Amino acid sequence: MSSRLYDWLDRRLNLKPVQRTLLDEPIPGGASWIYVFGSVTLFLFVLQAATGMFLALYYAPTPDHAYDSVRFIETEITFGWFVRGLHHWGASSMVVAIGLHMLQTFLYGAYKKPREVMWMVGVVLFLVVMTFAFTGYLLPWDQTAYWATQIGINMVGTVPLIGDFFSRVLRGGEILGALTLSRFFAIHVLFLPAILIGGIALHLFVLRRVGPAGPWTDDRASLASETFAPRQVYMDAVVIAAVFLVVATLAFSIPLPLTDKANPSDTSFVPVPEWYFLFYYELLKYVHGPLEPLATWVLPLCVILIMLFWPFIDRNPVRNPIRRPAALGSGLLFLFVVFGLLGISLKNLYAVPRTDPAVAQGRAIYAQLGCAGCHRIHGEGGAVAPDLSTIGYTRPDRAWHLKHFRDPQSVSPGSFMPKFPLTDQQLNDLTSYMLSLKRAT
Amino acid sequence: MSHQEEPDHRPEGGFSTPVGSRRTFFHWVTVAAAAVVGVGLAVPLLGSLISPAFMRRRRAWVDVGPVDELPAGRPTQLDHVTTVRDGWQEATSHKAVWAVKQPQGDVTVFSPICTHLGCGYRWDDAEKKFLCPCHGSSFDVKGDVLGGPAPRPLDRLPAKVEGGRLLVMYKDFKSGLRDSVEL
Chain G
1 MSSRLYDWLD
11 RRLNLKPVQR
21 TLLDEPIPGG
31 ASWIYVFGSV
41 TLFLFVLQAA
51 TGMFLALYYA
61 PTPDHAYDSV
71 RFIETEITFG
81 WFVRGLHHWG
91 ASSMVVAIGL
101 HMLQTFLYGA
111 YKKPREVMWM
121 VGVVLFLVVM
131 TFAFTGYLLP
141 WDQTAYWATQ
151 IGINMVGTVP
161 LIGDFFSRVL
171 RGGEILGALT
181 LSRFFAIHVL
191 FLPAILIGGI
201 ALHLFVLRRV
211 GPAGPWTDDR
221 ASLASETFAP
231 RQVYMDAVVI
241 AAVFLVVATL
251 AFSIPLPLTD
261 KANPSDTSFV
271 PVPEWYFLFY
281 YELLKYVHGP
291 LEPLATWVLP
301 LCVILIMLFW
311 PFIDRNPVRN
321 PIRRPAALGS
331 GLLFLFVVFG
341 LLGISLKNLY
351 AVPRTDPAVA
361 QGRAIYAQLG
371 CAGCHRIHGE
381 GGAVAPDLST
391 IGYTRPDRAW
401 HLKHFRDPQS
411 VSPGSFMPKF
421 PLTDQQLNDL
431 TSYMLSLKRA
441 T
Chain U
1 MSHQEEPDHR
11 PEGGFSTPVG
21 SRRTFFHWVT
31 VAAAAVVGVG
41 LAVPLLGSLI
51 SPAFMRRRRA
61 WVDVGPVDEL
71 PAGRPTQLDH
81 VTTVRDGWQE
91 ATSHKAVWAV
101 KQPQGDVTVF
111 SPICTHLGCG
121 YRWDDAEKKF
131 LCPCHGSSFD
141 VKGDVLGGPA
151 PRPLDRLPAK
161 VEGGRLLVMY
171 KDFKSGLRDS
181 VEL
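Chains as they are written, first to last, in this note's numbering: chain G, 1 to 441; chain U, 1 to 183.
Next up, chain G with everything else stripped away, as it sits in the complex (with noise of 0.2 Å):
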């Protein structure tokens, strides 16, 4: 039947050719699951574009509603929470397989001569996408997605001459508000895709004029070509089919709950960002004062400049890696600089001794002492106090704790809170509580 269908429209269409040129590329030495991710990042793609069409339904992108329209789609709306988690882990996704796209293309020297330019669409690619995921976060608009927008946008600020300047045209003003929320649904929603479909044309256009690398060996010529129908395409569907049952599967286990409402008075709230761009957000922690600009843009600047030029920067012809040491020394390098951050920092923020019985003591301890009258902690507990939710994170002293508890007043003048008599023991226990405390939600 689909046969004939397709019989049919052939003789008028001519359909024969453009199936040639679509499935019979010849892949140079055969086909291989190395060489997937390319399309594993298209079809995260076409599942971010599919989702978010989805859930423009019900979002609206004004302050006074977008955190509502957002919950409404999380418990209202039959499998809403679903596509929106399906539209969240298929972000996470998306870096991940660019992330080994560029580690295969960088492997196998694939960016090298004639395929220079599909390597700097392919950067250019890439940071569409960060500034996808950058714009995403705000918009259901609680308050990791504000604080951590205002982080953002107050790094571009850093910039010298410029900065000032390009921080309010982000913000579209002096502050971050509606016009913020509304330019950057616009940006996510129509900006970015148009950009976006346009650079996978034009990276694609590249890869069909100069061809797929194929293997590293030097000897080309004695590389036999496979098509890329059937095995290639095979190869692609076995590995997207299985990408979608991994997002599918988080998006059904793992619950994401929004945080409160974004509140722009709550300045105790200390927003985390996604996990993609924690090595950059631990990178600044340890950077302060006049150095401070070299980690907020000198050197992104210098990465993203590295990175769209390195075929130019490498002008080694050799595509074997054990024959490139210096270009995979630096490789490795950068990847050791970036994943050693991250894994500190999702040490510090998730590595809680959880079986620390001292935590356990503490908190009954802080039920015992009614601490719950003045302060909160993940939106229980009185509002004279500060907020106690992510103590441990902002005050990571144990000593500032201990010398607390016995006297508010000398470490916080001003402060109304009692004095408690508690022995040392407690004290330890109700501070190890605190310092337990790090997490938003």
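A portion of the hints provided could be inaccurate.
Unchecked claim - Here are some chain G residues pointing at chain U (derived, C-beta under 8 Å):
#: 1; residue: Phe82
#: 2; residue: Ala224
#: 3; residue: Phe244
Because the hints were derived from the structure by calculation, they are not lab data.
Every value quoted in this text rests on a predicted model; they were computed, and no experiment measured them.
Backbone N, C-alpha and C fix where the C-beta goes; we use that ideal spot for every residue, glycine too.
Given chain G's structure and the hints, the job is docking chain U onto it.
Here is chain U on its own, set in the frame of chain G:
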């Protein structure tokens, strides 16, 4: 394509492509993978699209006050606050209803809107009539039309008594029609 089992086919370009049962295997695995992704996406996406079509406008019973304080046989206007949901928005509005306690103890509740063109009417205790100030429609204590242009009796609202409190489900009706049609 009528290739039998044979070594991989080599077209003019000098590159190979699998044929025969291997080709069939790759084809079907590809189709299966596409089906998994397609169905896995179509169900939640279309589900979320059509979901609001199945959402019933939620009508809640609203407590409008104790039954004891209602005088039997004499209509009383009861004000209450009701919450109206519109997607992710919630608005509260003040509504009034007319309640008439019957001798047996159950309560008849009328929508406060005249069935003619939607004005608010009032009870005239001297004339023992509901009077609409706009166009002069009048109704008796059972809601039946006594005079004026009103096309139908006053609209009745679902009401029940629980634990001595009167609960009402507020509704709007189309005005100007012979029959009572809910909005």
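Verification of the supplied hints:
{"no.": "1", "hint": "Phe82", "verdict": "holds (5 Å)"}
{"no.": "2", "hint": "Ala224", "verdict": "holds (6 Å)"}
{"no.": "3", "hint": "Phe244", "verdict": "holds (5 Å)"}
The structure is consistent with each of the numbered hints, conforming to all of them.
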